[in-house]
Amino acid sequence: MMNVLPFLPGQISLAWLSTESQTLVAWGNVEILQSSLLAIFSSVQCPAGRILQAQDAAHTLAQNRQAVVGGFQSPVEKEMLTVLLRGGCPLVICPARGLEGMRLPPVWQAALRAGQMLLLTKFPGSVRRATQQTVHARNRLVTQLASEVLVIHAQPGGKIAALVQEIRAAGKPVRSL
2 MMNVLPFLPG QISLAWLSTE SQTLVAWGNV EILQSSLLAI FSSVQCPAGR
52 ILQAQDAAHT LAQNRQAVVG GFQSPVEKEM LTVLLRGGCP LVICPARGLE
102 GMRLPPVWQA ALRAGQMLLL TKFPGSVRRA TQQTVHARNR LVTQLASEVL
152 VIHAQPGGKI AALVQEIRAA GKPVRSL
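The numbering used here puts the first residue of the sequence shown at 2, with every later residue one more than the last.
Each hint should be verified, as a subset may be incorrect.
Straight-line C-alpha distance at most 27 Å; calculated DSS-like pairs for lysine-lysine [claimed, not checked]:
no., residue 1, residue 2
1, Lys173, Lys160
2, Lys79, Lys173
3, Lys123, Lys160
4, Lys79, Lys123
5, Lys173, Lys123
6, Lys160, Lys79
Hint data in this document are derived by calculation from the structure and do not stem from the laboratory.
Predicted model only: the values in this text are computed from it and were never measured.
Could you build all of it, start to finish, from the sequences and the hints given here?
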């Protein structure tokens, strides 16, 4: 039987997962973490050609039911999330804030009930807004969870470009469009 944490709209069901270095708060299907996860990152500013390639990549990932992890915060990441949700991909979404009190779109609620999604964060419920620091910590969590990383676009000199250098230095496979 699938290990899905209870979820009803308007209620919060949290599981505390301890790793060697941190405590994580999970809401949804924790079994997704057993999959080989592909992390997706993109800078906020993304060339139009890359956006089209990202949409094609999302459709391919959805067809293959690839398990994906990300923060899904930049516009292109959000567009990819829409395609991945419709395609039924197993998803791990890592907000750069705590889960308590978080309002979820109806499509996320449906994905949680179906066991398609896991919300996972390292932040307590008292962290209500994303900051540069929480986004950076969240992105590092995403890379720790992933087996491989797909970079849609990294603005030269930007935070995603710096993150890609960290990921490569750690020896994790990085693909780009």
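(message) Let me make sure I understand: some of the numbered hints might not hold for this structure. Which ones are they, in numerical order?
(response) As far as the earlier hints go, not one is violated by this structure.
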